Amino acid sequence: GAVVSQHPSRVICKSGTSVKIECRSLDFQATTMFWYRQFPKKSLMLMATSNEGSKATYEQGVEKDKFLINHASLTLSTLTVTSAHPEDSSFYICSARVASFEQYFGPGTRLTVT
Amino acid sequence: GIQVEQSPPDLILQEGANSTLRCNFSDSVNNLQWFHQNPWGQLINLFYIPSGTKQNGRLSATTVATERYSLLYISSSQTTDSGVYFCAVGGDSSYKLIFGSGTRLLVRP
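Chains A and B supply the protein sequences, listed in that same order.
With the numbering used here, letter number 93 in the first sequence gets 93, and the count goes up by one each step, no holes.
With the numbering used here, letter number 41 in the second sequence gets 41, and the count goes up by one each step, no holes.
Same shape as in the complex, but just chain B (with noise of 0.2 Å):
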């Protein structure tokens, strides 16, 4: 099945700082999305995006589906910004997502 690794694994920030997040994948996909989990558990959609560049605010992603990866731009981290980001992917007609490992993100005041 297909791999997806995520990096980093741990980010620490300091408020109003940017980042980059990246999702790797080992096989060609007709699904991605990225998620942020907050403290309590919840998933929300951040992105859908098997391909291309999408934005929304302070966040944007790219998908280079050829070369198979995926990048989440956070800028002017905000302490709220703290939580898990993952990475899912699909590559068949099952829908199944298969997840990466997450990045777990601290903004610090």
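So here's chain A without its partners, still in its complex pose (with noise of 0.2 Å):
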């Protein structure tokens, strides 16, 4: 149990346009759901925190109108990332919780803005 779906895992853009990338929890339903960004070779970085049917709530130095998120349902949250640019290049990681503290994580989208 407690599987978490990514879609895409892997997008190439071009600079300035908006790629969405969708996080799902398939056999429990999450209250809250987290966005990460790693970077190559190093931790992972939390973004921002997203609930259902409230306004996410973003990490200090994370821009909230570039990186829009929408958690429209118990089982989907996704991010998009507007007018991308190539520093905006990384692999991005959503996590769902369960009923208590453990969460789970999707297996990461891989964003390439040319």
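These aren't lab readings, by the way, just hints derived from the structure by calculation.
Take every hint as true, because none was put in to throw you off.
Derived coverage of chain A by chain B (criterion: at least 3 residues anywhere in the stretch with Cβ under 8 Å from a Cβ of chain B; other residues may be distant):
1) 43-50
2) 90-98
3) 101-114
Here are the in silico distance ranges between beta carbons for each label pair:
4) B:T53 - A:L76: 35 to 43 Å
5) A:S83 - B:S93: 33 to 41 Å
6) A:L76 - B:N18: 39 to 47 Å
7) A:A2 - B:A65: 18 to 26 Å
8) A:E52 - B:S7: 35 to 43 Å
9) B:T80 - A:A2: 20 to 28 Å
10) A:E52 - B:T53: 28 to 36 Å
Which residues of chain A face chain B? A partial, calculated answer using Cβ under 10 Å:
11) F34
12) T57
13) E59
Owing to the predicted nature of the structure, the values given are computational and were not obtained by experimental measurement.
In this text, a Cβ means the ideal position worked out from N, Cα and C, and glycines have one as well.
Join these two chains into a complex; the hints should help.
So this is what it looks like as structure tokens:
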């Protein structure tokens, strides 16, 4: 149980375009989902906390107008990178919290902006 | 916020050897998880262990919350154990996880 999926797994886009990444909890309802970013050979850094039916809470230094998060249902959260630039290229990972504190992670989305 | 330190940063083992990975944290926690990140980037849940001891096959973990550290033991290591091991902790009602910098493990045949 506790399976989290992400789509797409890999995306290449041109500078200036927007990209949407989906995160789904497949076999449970997730009140809270989280979005992380990971640079090569680095650790995960939390970008934002997404609660169903309410606005996301962004970590300090994360531009909320660039990284739009929508948590439309208990099984789906989306991250939209708006007006992407090469410096936005990264590995984006979502997670979902089960009833306790434990989090399960999606397989990640590798974004390349050319 | 909570600081998380993992050691060692890198570890090279011969297949069959045992190892201990450490995670120190700076404040009381209500969540501590160990993960293995495979070469494709997927984070695999190993243990949810804010306190106590758990075992799963060749892996076991112990968290001593009062002394603010956790240990991950890998016994009889295999080449498939290679990858990065992360410790992540949470300490408040926000449910946020703060990740350590990871231990990069390479198991040689």
